[in-house]
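K.L.:
Protein chains in written order, with my numbering: chain A, 15 to 323; chain B, 15 to 323; chain C, 15 to 323; chain D, 15 to 323.
For the record, the hints were derived by calculation from the structure and aren't laboratory data. Warning: the hint list may mix true and false statements.
Identical chains blur together in the list; that is why a pair holds if it fits in one copy or across any two.
As the list claims (entries may be wrong) - In silico SDA-like links for lysine to any residue, alpha-carbon gap of 25 angstroms or less:
hint	residue 1	residue 2
1	K162	L141
2	K162	V263
3	K162	E269
4	K144	L320
5	K144	D73
6	K162	T41
7	K144	P322
8	K162	S184
9	K144	A305
10	K162	R21
11	K162	A188
Protein chains: 4
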Amino acid sequence: MTLPPGRLTGVIPPVCTPLTPAGAVDTRSLTRLVDHLAGAGVDGLFVLGSSSEAAYLTDHQRRLVVETVTRHVAGALPVLAGAIDMTTPRVLAHAETALAAGADAVVATAPFYARTHPVEIARHFQLIAKHTGAPLLAYDLPSSVHSKLEADLVLGLAADGTLAGLKDSSGDQATLRSVAIGAPDGFSVLTGSELLVDTALQFGAHGVVPGLGNVDPHGYVRIVRHAAAGEWDLARAEQERLLALFAVVDAAPPERMGRGSAAIGAFKAALRLLGVIDHATTAEPQVPLSADEEARVAELLRAAGLHPA
Amino acid sequence: MTLPPGRLTGVIPPVCTPLTPAGAVDTRSLTRLVDHLAGAGVDGLFVLGSSSEAAYLTDHQRRLVVETVTRHVAGALPVLAGAIDMTTPRVLAHAETALAAGADAVVATAPFYARTHPVEIARHFQLIAKHTGAPLLAYDLPSSVHSKLEADLVLGLAADGTLAGLKDSSGDQATLRSVAIGAPDGFSVLTGSELLVDTALQFGAHGVVPGLGNVDPHGYVRIVRHAAAGEWDLARAEQERLLALFAVVDAAPPERMGRGSAAIGAFKAALRLLGVIDHATTAEPQVPLSADEEARVAELLRAAGLHPA
Amino acid sequence: MTLPPGRLTGVIPPVCTPLTPAGAVDTRSLTRLVDHLAGAGVDGLFVLGSSSEAAYLTDHQRRLVVETVTRHVAGALPVLAGAIDMTTPRVLAHAETALAAGADAVVATAPFYARTHPVEIARHFQLIAKHTGAPLLAYDLPSSVHSKLEADLVLGLAADGTLAGLKDSSGDQATLRSVAIGAPDGFSVLTGSELLVDTALQFGAHGVVPGLGNVDPHGYVRIVRHAAAGEWDLARAEQERLLALFAVVDAAPPERMGRGSAAIGAFKAALRLLGVIDHATTAEPQVPLSADEEARVAELLRAAGLHPA
Amino acid sequence: MTLPPGRLTGVIPPVCTPLTPAGAVDTRSLTRLVDHLAGAGVDGLFVLGSSSEAAYLTDHQRRLVVETVTRHVAGALPVLAGAIDMTTPRVLAHAETALAAGADAVVATAPFYARTHPVEIARHFQLIAKHTGAPLLAYDLPSSVHSKLEADLVLGLAADGTLAGLKDSSGDQATLRSVAIGAPDGFSVLTGSELLVDTALQFGAHGVVPGLGNVDPHGYVRIVRHAAAGEWDLARAEQERLLALFAVVDAAPPERMGRGSAAIGAFKAALRLLGVIDHATTAEPQVPLSADEEARVAELLRAAGLHPA
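Chain A with its partners taken away, still in its complex shape (with noise of 0.2 angstroms):
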């Protein structure tokens, strides 16, 4: 499929990367995910973004990961993928493989590794967007690549034609208000928190990339619902539901392995206990969680009212 006409909206995760303990990608357990996802009403999906593990995925296995799941979705939701890497040479190759391979649309941070600067990062993405001929969206992501998308530059290549979005998971709120106040039509703005969905979307953002929608769905698709229907209570409920069921992410102290490590490891060893996907396995160098840190995302499930093996 190609976009859907006008902008994006609603849910879309950051779709896991499932891996077999030997660290391939394990696609049987990729399409259930999607299956998983499909089922619970979300309205796309982003695949190869930070919550998939990019970073850690060789270029076969980026392939195959957009293969897989744009194969097995045949044109039901839009796919959008990520193509992370360190400037545009390297970017345009990540984004002519995954549109070859069928995705949708294209997500990229700004150039990093590489000290960058506002006029260099605009004109990355304009020769991507100029190069693949696709929708391409802007993916804030300042505790990766260590600068930040100021609104002025986003709303310059939404007006100019460059950007079809902002994928924001910056956490600087005020900042992705003043995009979505001043986004033109068809530009959509995405926030990737997970704990504001509600209030990202009463002031006017389109829609989520909540990487904990991995593991509970249903719940963003009914603050998406909700906020639709002008139920702000019922939102605000539903999202602290979820904020409870987020402390996942620290199921691991930070003694122990990075934040990442800690995020990842929580929303794939949730996967497998919900019985989603087959190992919860993440990527080297990441430090794997103990049984212990397992136990107690098994309990912060059922105290969400999810029902873990």
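Take the given structure of chain A and dock chains B, C and D to it, following the hints.
P.N.:
Below, chains B, C and D alone, put in the same frame as chain A:
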């Protein structure tokens, strides 16, 4: 060739990657640059580092660079190759390609983009060393990867045989000195500083990897020779001449472009002015130097006693 | 007065400190500003915060500000006073002076300048609370003090009675929401955001401390009233009007001055244009706004429906 | 005394501030510490710096420290005094008090807490120099004030007569070297590093302000003398002995306390063990060293050839 017995010492420039105006690797200019460096008496070559624009080169271009250089030097100098990527699986892929293309050793940073942890950094280097079986140098570059390799971590990985050396571009001379004092036999401590080579050699570093060494390799070779002879005043005078030349990296002001673009653009402009390479082109999305900025580079070359066209 | 029973709620502006052209505290303008705020129906006043230029005021000026404001309001509104300094002994000295001058509560940040630690941050607040015996609010301001008050730390100090509230200017809405959900009875959760007041109230914050509230207190009072009535669409419309007005802080560009100077300079220019204070002078070494920049402030005031002279 | 003719050179330790168990300034221990330093042949004293816990001392304590030291040395050594505060008006108040109490020169950082700008930093130093009329040294301490004094800014303020010197604790040796090369006659370039004193002197720094110099002033005096004699190998050996001793700052681990507390606590523990001061007390809210951590300090003192009780 394989690495020399004992440790790497002396001047090992991070070799710039000349590009054609269309952005392809200019292999003829690259071999001329290698001749320029070898002719000045350098002790090794480091390809695919930050000054080589490794972050901007596609996988194909990276392999072409290693092949071109290793074939050209044909064992006359050790060739170290950067394997610059975000995490272990991706670094391994680059390392294997570089070694297959003839590199003698691999240089890798801590994981980046992903939020990491000292335990994961150690595991990252251990897995790379184990899987490649080749000499591995750690590349400490906090300005790019946003974590610092602490002395204890480096010395632990030196002691257990994981690391063959450290390429330090952190600017933290105190930590570098601690590593130099604690380094076991055979472990190479290399500074990436352009401006503190004499003092780093004085406190025990074994070699230098200066980006400016592309432009004036003779100068750095002289510092190493003066230092070996205990002629610290001569080493200092040579270092001060090169410090003045290093102002080329500020020929383009910070309002105009990123500091990486300014530095690499200046090195390439200097190499073109000196007749070593054909084009000063830098990779996208970097902003190129203006004619005025190139004129400033030429002026600084002349002031340093070099002879631009 | 002492603090009201229950918790602090509503609009509690951080009161600007008008200065004479010679840099003295302009007490006549200060009392007019207090009248301007009280007349709009605010629920309290916060003096000696960052928007008050507390960092720039001498000890004598700080005491004069507290005395001037507490005498003028004479118990009609609670007055919170910042005790902004680097460490416990120095904060205690400021807190004691402010309380002696009539303040009802103390607001303090984590230690700064000194490199600190969560255990030391907790001990800092515990010692202040114990020694002053007055209500203490923690001021979370990572952009100034370079450490973040995490939800667990704040909630622990709420539970043991150390803290009476949190004034959050971190921009981290997710942490603020966690604190709001976990806050015990009587604990006040106040957001320092100018742009996310409606959403902060929606997820459970109790009040707001907006610097822009100096300029347009009526607007913030309206948001709080709409929120209390569940009129979220009206609250949003009012917030969007104020978001547009907030562009005054960018009237002076980042090349010309620090962002603090630009914001405080703009608030003071606006207050002068509105006839509330006599001079827009800011303290040294801040760069003042130019005439053109003040004209831009006037333009934005008019666009927001206010009436500059 | 006033400052010596010419520039400040040699060893100028940042004098620790001994405290009684109740937290008062222990003036008897302070004068014994001054005798310990003067007896070792230091060239000046720096009071109220970071190692002096200036950030923790009340205004009264700060004045008492300056008075105690200036009366005790009675002109035998120049006394520099830190005027550590957030902005110009507050720094001026401290500077005037210190000068009235007998200090010979003032040491000030860039503004902090407030978000600042190079233009404002320059104006800050210019106003301090103008209003005090005393010699002013800039204190570059990015780890505390979160901005870096760039070489151009320092050299510009040296050239216009604003600054009499630089006390560099940034760890950035390359910038320090640039300042040393560009410094006009009479301008003092002092390094705050404990670990790179020989190399800083080699590249042109004029003096050193080492916190560890409280504990082992003889060692730093020897480095300076070896350097003056061109005996670089002896200077290096002495520096390496002190580098090993500097491990006292890691006697307390980072999980237990801030790194500032660990360093100052270790210096004070060492001074108590050596019989120079009566108590190792540090100011609130710093965590004190445990008995085991003090034992580790004693062990390192013995290994360095010192003789703890």
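K.L.:
Hint by hint, where does the structure go against what was stated? Just the numbers, ascending.
P.N.:
4, 6, 7, 9
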